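So the sequences go chain by chain: A and B.
Counting from 1, one number per residue, gives the positions in the first sequence under our numbering.
Counting from 1, one number per residue, gives the positions in the second sequence under our numbering.
Honestly, the hints are just simulated from the structure, not real lab data.
Take every hint as true, because none was put in to throw you off.
30 Å max Cα-Cα, derived DSSO-like pairs, lysine-lysine:
{"no.": "1", "chain 1": "A", "residue 1": "K58", "chain 2": "B", "residue 2": "K95"}
{"no.": "2", "chain 1": "B", "residue 1": "K424", "chain 2": "A", "residue 2": "K71"}
{"no.": "3", "chain 1": "A", "residue 1": "K228", "chain 2": "B", "residue 2": "K62"}
{"no.": "4", "chain 1": "B", "residue 1": "K62", "chain 2": "A", "residue 2": "K55"}
{"no.": "5", "chain 1": "B", "residue 1": "K96", "chain 2": "A", "residue 2": "K48"}
{"no.": "6", "chain 1": "A", "residue 1": "K228", "chain 2": "B", "residue 2": "K67"}
{"no.": "7", "chain 1": "B", "residue 1": "K128", "chain 2": "A", "residue 2": "K55"}
{"no.": "8", "chain 1": "B", "residue 1": "K67", "chain 2": "A", "residue 2": "K48"}
{"no.": "9", "chain 1": "A", "residue 1": "K55", "chain 2": "B", "residue 2": "K67"}
{"no.": "10", "chain 1": "A", "residue 1": "K48", "chain 2": "B", "residue 2": "K62"}
{"no.": "11", "chain 1": "A", "residue 1": "K48", "chain 2": "B", "residue 2": "K424"}
{"no.": "12", "chain 1": "B", "residue 1": "K40", "chain 2": "B", "residue 2": "K330"}
{"no.": "13", "chain 1": "A", "residue 1": "K64", "chain 2": "B", "residue 2": "K424"}
{"no.": "14", "chain 1": "B", "residue 1": "K95", "chain 2": "A", "residue 2": "K55"}
{"no.": "15", "chain 1": "B", "residue 1": "K424", "chain 2": "A", "residue 2": "K55"}
Note that the coordinates shown come from a computational prediction; the quantities given were computed from them, not determined experimentally.
Next come the chains, spelled out residue by residue.
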Amino acid sequence: MNDFLERNSKYIFLMPAIILLIVFGFFPIIQLLRLSFSSFTLYDIGEKIDFTGFKNVKNLMGDKTFGQSLKVTATFVVGVVLVELILGFLIALAVYNVIKRNSFFRTVFVVPMMVPAITIGMIWRLMYNTEFGIINSVLRELGVISPPLWLANPDIALMSVMVVDIWHWTPFVFLLIFAGLQSIPEEPYEAAALEGASDSQTFRFITLPLLSKTIFITLMLRTVLAFKAFDELFILTSGGPGNATEIIGLYIYKTAFSFGKIGYSAFLSLITIIIMLIISGIFRLIVRSTS
Amino acid sequence: MVLFLTIFTLQGFSVGKQEAEGVKEITIAVNDSPWLPGLKQLVPLYEEETGMRINFSIFPYKGLYEKLTTAIPLGSKEWDIIFLDDTWVSLFYDKKYLTPLEEIDPNFTVDPAIIEYANVMRWNHDKKYTTPDGTLYSLPINGNFHLFYYREDLYKEAGLDTPPETWEDVKEAAATLYDPKKPFYGYVLRGQKGNAVVFNFLPVLKSFGGDIFVDPPIDWTVRISDEKAVAALENYLSLLQWAPPGSGDVGQSDMLAMLSTGKAAQGIVVAAAVPWMDNEETSTIPYKMQYTVTPKAKNGKHAPLLGMWVMGIPQSISDERKKASLEFMKWVTSFESQKKYTEFGAVPVRSDVMFSDLADQKEFRFLKAMGESYDLVTERPRMPEWFEIEEIMGMNLNKAVVGEQSAQEALDTIAEEVVNLLEKAGYETGIAE
Chain A
1 MNDFLERNSK
11 YIFLMPAIIL
21 LIVFGFFPII
31 QLLRLSFSSF
41 TLYDIGEKID
51 FTGFKNVKNL
61 MGDKTFGQSL
71 KVTATFVVGV
81 VLVELILGFL
91 IALAVYNVIK
101 RNSFFRTVFV
111 VPMMVPAITI
121 GMIWRLMYNT
131 EFGIINSVLR
141 ELGVISPPLW
151 LANPDIALMS
161 VMVVDIWHWT
171 PFVFLLIFAG
181 LQSIPEEPYE
191 AAALEGASDS
201 QTFRFITLPL
211 LSKTIFITLM
221 LRTVLAFKAF
231 DELFILTSGG
241 PGNATEIIGL
251 YIYKTAFSFG
261 KIGYSAFLSL
271 ITIIIMLIIS
281 GIFRLIVRST
291 S
Chain B
1 MVLFLTIFTL
11 QGFSVGKQEA
21 EGVKEITIAV
31 NDSPWLPGLK
41 QLVPLYEEET
51 GMRINFSIFP
61 YKGLYEKLTT
71 AIPLGSKEWD
81 IIFLDDTWVS
91 LFYDKKYLTP
101 LEEIDPNFTV
111 DPAIIEYANV
121 MRWNHDKKYT
131 TPDGTLYSLP
141 INGNFHLFYY
151 REDLYKEAGL
161 DTPPETWEDV
171 KEAAATLYDP
181 KKPFYGYVLR
191 GQKGNAVVFN
201 FLPVLKSFGG
211 DIFVDPPIDW
221 TVRISDEKAV
231 AALENYLSLL
241 QWAPPGSGDV
251 GQSDMLAMLS
261 TGKAAQGIVV
271 AAAVPWMDNE
281 ETSTIPYKMQ
291 YTVTPKAKNG
301 KHAPLLGMWV
311 MGIPQSISDE
321 RKKASLEFMK
331 WVTSFESQKK
341 YTEFGAVPVR
351 SDVMFSDLAD
361 QKEFRFLKAM
371 GESYDLVTER
381 PRMPEWFEIE
391 EIMGMNLNKA
401 VVGEQSAQEA
411 LDTIAEEVVN
421 LLEKAGYETG
431 IAE
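Build out the structure end to end from the sequences listed, making use of the hints.
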């Protein structure tokens, strides 16, 4: 017995973690797959999950709202990720080179990331309020007679919610890029200085190539996270006006809990997971090729 | 894992122990609503009288729905009483997740002073709808419905007749009182996508003699795009000229803020929001707001919409807990309790409270309007597909409010999509000519 325990001690110590992984990892995935191929609704809770084959695939083909939410999501993701990358990169460079890695500024820039998403949604909704919000109040003081309807105008509502996401997640990009900058050794810079390279040449031929892996990993992480955005938009607009800001997460939530279509919403979640796996797969290939 | 299992077992043990020793406490699942403070002030009186302890499990509105729809069907014993929005009742009644009250006490009858609210307490399992002869599953706990809030002082200053009866009266006042320079808005409407705009538009629709269906549950023909509905929506959209810009994003809290800070003259709002108007912490115009029945079209009818709550007893709990819960429900709907409940800032569910001496007090002047409205109330369709219908309506009405669609386009789209939805769900339906 002691012999058995000694020989298999590593498996025995790993067992609790494996059990937790199965219970909280695989089991929900199996349930998701079962529900995805069913027409289970809130009315059916407590009953068996029926298998309806590819009925949900047929439903998806005729679902114009999902197509529209996919378009809105794509616009949202591309917009926020690009801006966050540029801003986060610039801030990281500034803190690294100009402010000389001052820990106070590093902490200040990271604060938005620490605020819960629900709180951010509520605060920005108040700020964007047409009548009482601080943004329009300031604009009126500056002489703007008809300040924008930030969340009520379908032409600018999506941009308004993107601003909130950019405010929230740029610090994340900043942190990753800053860590990447810190990991670059000094020697290439010293060699470049000896060769008489200018700042822009140093940036183009040393900093960027050595940072490329970090940039692509950051892009991948932010893209996947942006795809899953929900909390802030739920509070800010609930997908309105019309469906101008109805991203996939909101549509899936509505399908599950407003319409009660648990099976179909599980299927939409599965489609979303597949899309995110494809995106992250592409990024991983790029990262491998840059290595 | 061991700790988790230990806690789980101990909790189950304590519930079983409580039942063995007799019921000493009741737990109620409730949403975090404006009237909850009123109920919380009331229950200590019951605790004093009976020695029973009342606990509240409080959730946000959507969170409560999610909790109840996932836990109750699985036989949760966590709550003794659950509160339900009147649009949720069809699921809980039809699937028999609640205990018929006459099963707990065969001699129980509903006090005639308790308002029926379009039969919300009763479910007919054959017709799958709330009907007067249905099984009694709940009692009302919050008798919320629409009133028309208007600045009586400004009306009188401008020489306008009060109270406004018709939409023509309202529009005349809106045009007279509107001052874009201040700005002061002649009307405020709740045009935000989803439940907000649907809830705000339906009393207008019905006041024109329009409706979503011809005669539920007998005739599910969709009539939302007929000429009465178009006239109603055009009337609703015409109010935008005197309303704040960005009405397409105005929710309930925005609307209340506009009215209570003296920035808007009038609007359709629920009775439960009355305390906001007189509370000096939330209002710059205390005691200036007046209340009346929601307006009607010239040849239409007053049609305030219900937005109320009922309380029911889950099937899964023990008989002792059911009896204790029913006793509490009877107590809380008695005349004395309801009078105190109203004094604590909530909305009564009894007509005798509306006609009591409370109505003569300045703080409770809204009771007169409630007394004139309660037997005119209308309901949203009590069917499982309602949320999807509300989503369709909410999307398209919002598009009309923000100018993306005309009234006819919005209503035609709604009619088509609702018919598609109901046909897939097996209803006999079509679009009315």
